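Could you build all of it, start to finish, from the sequences and the hints given here?
Taken in sequence, the protein lines are chains A and B. Taking this note's numbering, the leading residue of the first sequence gets 1, the next gets one more, and so forth. Taking this note's numbering, the leading residue of the second sequence gets 1, the next gets one more, and so forth.
Hints are computed from structural coordinates only; laboratory data are not their basis. Here the structure is a predicted model, which is why all the values come from computation and not from measurement. Take these hints with a grain of salt, some might be off.
Which copy is meant is left open, because identical chains are indistinguishable; a pair holds if it fits in one copy or across any two.
Stated by the list, open to error - Straight-line alpha carbon distances no greater than 27 Å define the calculated BS3-like cross-link-like pairs of lysine-lysine that follow:
#1 K95 x K150
#2 K68 x K12
#3 K142 x K80
#4 K68 x K80
#5 K80 x K150
#6 K95 x K68
#7 K68 x K25
#8 K129 x K8
#9 K22 x K150
#10 K80 x K135
#11 K17 x K135
#12 K95 x K80
Number of protein chains: 2
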Amino acid sequence: MALEIERKFLVKNDAFKNEALKKQKIIQGFLSSVPERTVRIRVIENLGYITIKGIGNASGVSRFEWEKEIEVEEALNLLKICEPGVIDKTRYYIKSDNHTFEVDEFYGENNGLIIAEIELISENETFTKPEWLGKEVTGITKYYNSSLVKNPYKLW
Amino acid sequence: MALEIERKFLVKNDAFKNEALKKQKIIQGFLSSVPERTVRIRVIENLGYITIKGIGNASGVSRFEWEKEIEVEEALNLLKICEPGVIDKTRYYIKSDNHTFEVDEFYGENNGLIIAEIELISENETFTKPEWLGKEVTGITKYYNSSLVKNPYKLW
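Below, the structure written as structure tokens:
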């Protein structure tokens, strides 16, 4: 149980892929995509997770978050009763000074969308911006994965 | 992960209390009360649980269910972001032949409502009906705890 402090950005080009330390296939669905209480089921490679998030504060930077690892078979069964629409993406991990950017490249209904996230210790913590980092979209709910299920990028 | 097979009944009188082997205080809220995918947070005495249920089949007897025990502090924090309205009840456990009835006496907005549940191995399994057992309400969604949050007994 913790407050999650993170900032989100669009990405200008593919250069981040050359800097990636690793990448993972992620499939996820939502049991609840209501912003005040999202409940997410996720499969990352052969691991399963359930994650619950509250709504962000005014700046959208801090969100209440709770996560537990669960059996991948359980996660796959829970995905079956999730809301219609599933997020399918590859996550790239890119080191930048003492931070790690997580860059999500979306497929399917969200094909063409790429979002970079950085987790911070405090809302005011500074960090180096790589040249491929684009416009900040922190707190804009249409970029939440829970929103992308109902209103995917190709409909924007 | 399992199919939960259970039948629900109203209760005619207080006689069940004399037969109870134990009773527990239960507080619970819902992160999602959508019948297709309810996500329940529960505190029973000093234990916490997260439970996910799918919608019932046509008869309402079988429902997909997944449950994990979690820290009680985590459960109390998750209750804070649940949908408005919380269920407060005492559960009585009553042995009857080789089955156990769970009888819930509700308080607060649902004061006056008492529901007995019995879990079965199959939909056709028979069982002895105690004299205090009333009308069957299996599959009637307004008796689901997830419905009682939004449309409590005192409004019926």
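Results of checking the hints against the structure:
For the identical chains of this complex, K95 and K150 are neighbours neither inside a copy (32 Å) nor across copies (47 Å), given an alpha-carbon limit of 27 Å. Within a single copy, K68 and K12 get their C-alpha atoms no closer than 33 Å, and across copies no closer than 42 Å, so neither meets the 27 Å cut-off. Within a single copy, K142 and K80 get their C-alpha atoms as close as 24 Å, and across copies as close as 25 Å, so both meet the 27 Å cut-off. For the identical chains of this complex, K68 and K80 are neighbours both inside a copy (19 Å) and across copies (18 Å), given an alpha-carbon limit of 27 Å.
Taking the shortest Cα distances, K80 and K150 sit within 27 Å of each other both inside one copy (16 Å) and across copies (26 Å). For the identical chains of this complex, K95 and K68 are intra-copy neighbours only, at 25 Å inside a copy versus 35 Å across copies, given an alpha-carbon limit of 27 Å. Taking the closest pair of Cα atoms, K68 and K25 come within 27 Å of each other both inside a single copy (19 Å) and across two copies (26 Å). Proximity of K129 to K8 under the C-alpha cut-off of 27 Å is restricted to the intra-copy arrangement: shortest distance 12 Å within a copy versus 59 Å between copies.
Proximity of K22 and K150 under a CA criterion of 27 Å is satisfied in neither setting, with 29 Å inside one chain copy and 46 Å between copies. Taking the shortest Cα distances, K80 and K135 never come within 27 Å of each other, neither inside one copy (35 Å) nor across copies (34 Å). For a Cα distance limit of 27 Å, the shortest separation of K17 from K135 inside one copy, 18 Å, qualifies, whereas the shortest one across copies, 64 Å, does not. Neither within a single protomer nor between protomers do K95 and K80 lie at most 27 Å apart by alpha-carbon distance, with minima of 34 Å and 35 Å respectively.
Hints 1, 2, 9, 10 and 12 from the earlier list are contradicted by this structure; the remaining hints agree with it.
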